[in-house]
Amino acid sequence: MTARHAILYFFLMDENQPVRGRTFIHHDGALGDMLLSLPCIGAIRAGAGHVHLAGRSDVVKLMKETGYADGISFADSVLYSPLYAASTEGKTGEFLAQFDRAFLFTSRGDSPLAASLGRVIPCMRTILTIPPADVRKHVAEFRFEQAWGGSGREHPYPVLEIPPASVARAEDLLAGAGYKRGRDRLVAIHPGSGGRKKCWPLESYFALAERVRQEHGTFLLFLSGPAEDTEKRERIRDFVRSRDRSLLIPGEELVVVAALLSSCTLYIGNDSGVTHLAAAVGGECIALFGPTDPYLWRPVGLRAQVIDAGYPCDSLSSLPVDEVYTRVAAVLGSSQFRASILQ
80 MTARHAILYF
90 FLMDENQPVR
100 GRTFIHHDGA
110 LGDMLLSLPC
120 IGAIRAGAGH
130 VHLAGRSDVV
140 KLMKETGYAD
150 GISFADSVLY
160 SPLYAASTEG
170 KTGEFLAQFD
180 RAFLFTSRGD
190 SPLAASLGRV
200 IPCMRTILTI
210 PPADVRKHVA
220 EFRFEQAWGG
230 SGREHPYPVL
240 EIPPASVARA
250 EDLLAGAGYK
260 RGRDRLVAIH
270 PGSGGRKKCW
280 PLESYFALAE
290 RVRQEHGTFL
300 LFLSGPAEDT
310 EKRERIRDFV
320 RSRDRSLLIP
330 GEELVVVAAL
340 LSSCTLYIGN
350 DSGVTHLAAA
360 VGGECIALFG
370 PTDPYLWRPV
380 GLRAQVIDAG
390 YPCDSLSSLP
400 VDEVYTRVAA
410 VLGSSQFRAS
420 ILQ
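Count along the sequence shown from 1, add 79, and you get the number used in our numbering.
Please note that the accuracy of each hint is not assured.
[Said to hold, decoys possible] Simulated crosslink set (BS3-like; lysine-lysine; CA at most 25 Å straight-line):
#1 Lys-216 to Lys-276
#2 Lys-140 to Lys-170
#3 Lys-276 to Lys-311
[Claimed, not checked] Beta-carbon label-pair distances, calculated as ranges:
#4 Thr-309 to Asp-213: 41 to 47 Å
#5 Ser-394 to Glu-310: 47 to 53 Å
#6 Ala-176 to Thr-405: 24 to 30 Å
#7 Arg-316 to Gly-169: 27 to 33 Å
#8 Glu-310 to Tyr-374: 32 to 38 Å
#9 Ser-186 to Ser-156: 56 to 62 Å
#10 Ser-136 to Asp-189: 43 to 49 Å
Simulated from the structure, these hints should not be mistaken for laboratory data.
Owing to the predicted nature of the structure, the values given are computational and were not obtained by experimental measurement.
Ideal placement from N, C-alpha and C gives every residue a C-beta, glycine not left out.
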């Protein structure tokens with residue numbers, strides 16, 4: 080157990096349960112949803128000798144590489160298909176029988192997986208991922224309290240630990256574009272999201288990036304992924320190509336993206352998985368919200384802050400560039416002050 084996991088261990092199932100053993104976690108949420116469960120999963124991890132995590136392929140790979148799982152499998156595997164039909168025979172039952180306890184993260188209180196898992200792994204707990212309409216709690220707190228067994232304890236703010244090989248890969252990518260650690264301040268921008276309504280207009284990001292670049296002399300890092308269509312990605316590429324001290328990273332593995340984000344002075348993005356990742360590596364993060372409620376869904380991070388365009392709203396198009404720039408300039412001014420003290 081690492082020191083990080085040790086300080087997160089507050090519970091298992093109840094005070095009479097063993098604190099070691101083999102634990103199975105099923106969590107098929109996308110990147111942002113998984114990271115909102117990180118305080119809860121970190122506490123589970125701390126109390127288990129071995130953790131197997133079933134989820135989306137790219138997400139569980141990240142969780143294993145950063146120490147939150149020992150073994151992984153993909154939630155859409157045929158291995159788990161029988162569970163939806165209330166069957167636990169054959170290879171499915173044999174695989175699950177090796178575990179002492181299980182946690183199922185689901186938005187459904189009547190999930191068929193819960194009953195199926197409970198037949199094979201009697202020490203099983205369901206963690207509902209979304210609070211009821213009459214419960215005003217951040218989803219990370221809501222999930223953590225279910226695992227803890229009640230309210231009254233603030234959830235921790237775990238930080239992903241990036242493996243050295245991924246850090247080296249990130250450093251090579253940045254150095255190849257002319258970035259020099261210690262000389263340049265790196266500002267990352269991810270203008271995408273899984274929901275179009277949650278995206279600030281690309282023109283606004285470009286205006287912000289140009290102003291930050293001109294007035295603060297920063298090195299710009301644009302990130303893009305599968306949520307961006309070809310046209311949007313090409314527009315970002317054209318913007319970056321026409322400017323020095325700028326770099327576009329498309330489609331890297333999540334653990335490398337995490338390493339890049341951990342090198343940044345500041346990250347700016349929409350309500351997206353990458354924004355939650357920026358908060359999870361412990362960096363300065365500005366998240367733009369509007370169509371989704373930041374009270375429930377804001378990133379989990381001690382240095383993460385939110386600009387609310389006025390929830391509930393249909394889009395972020397009315398959010399002024401000046402408002403975002405003012406917040407960005409405050410962070411960059413503070414970081415410059417800290418750097419001057421250390422020199």
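Outcome of the hint check:
A threshold of 25 Å between alpha carbons decides the hint, and for Lys-216 with Lys-276 the separation of about 23 Å falls inside it, so the pair holds. For the given pair, Lys-140 sits about 23 Å from Lys-170 by alpha-carbon distance, which is consistent with the 25 Å threshold. Simply put, Lys-276 and Lys-311 have alpha-carbon atoms about 15 Å apart, close enough for the 25 Å limit, and the pair holds. Checked against the hint of 41 to 47 Å, the pair Thr-309 and Asp-213 passes, with Cβ atoms roughly 43 Å apart.
Checking the proposed 47 to 53 Å range against Ser-394 and Glu-310 shows it is violated: the Cβ atoms sit about 18 Å from each other. Taken as a hint, the range 24 to 30 Å is violated for the pair Ala-176 and Thr-405, whose Cβ atoms sit roughly 57 Å apart. For the pair Arg-316 and Gly-169, the beta carbons lie near 49 Å from each other, so the given range of 27 to 33 Å is not met. Under the hint 32 to 38 Å, the C-beta atoms of Glu-310 and Tyr-374, about 34 Å apart, fit the expected range.
A beta carbon spacing of about 20 Å between Ser-186 and Ser-156 contradicts the range 56 to 62 Å that was offered as a hint. The given range of 43 to 49 Å is broken by Ser-136 and Asp-189, whose C-beta atoms sit roughly 27 Å from each other.
In this structure, the earlier hints numbered 5, 6, 7, 9 and 10 are contradicted, and the remaining ones agree with it.
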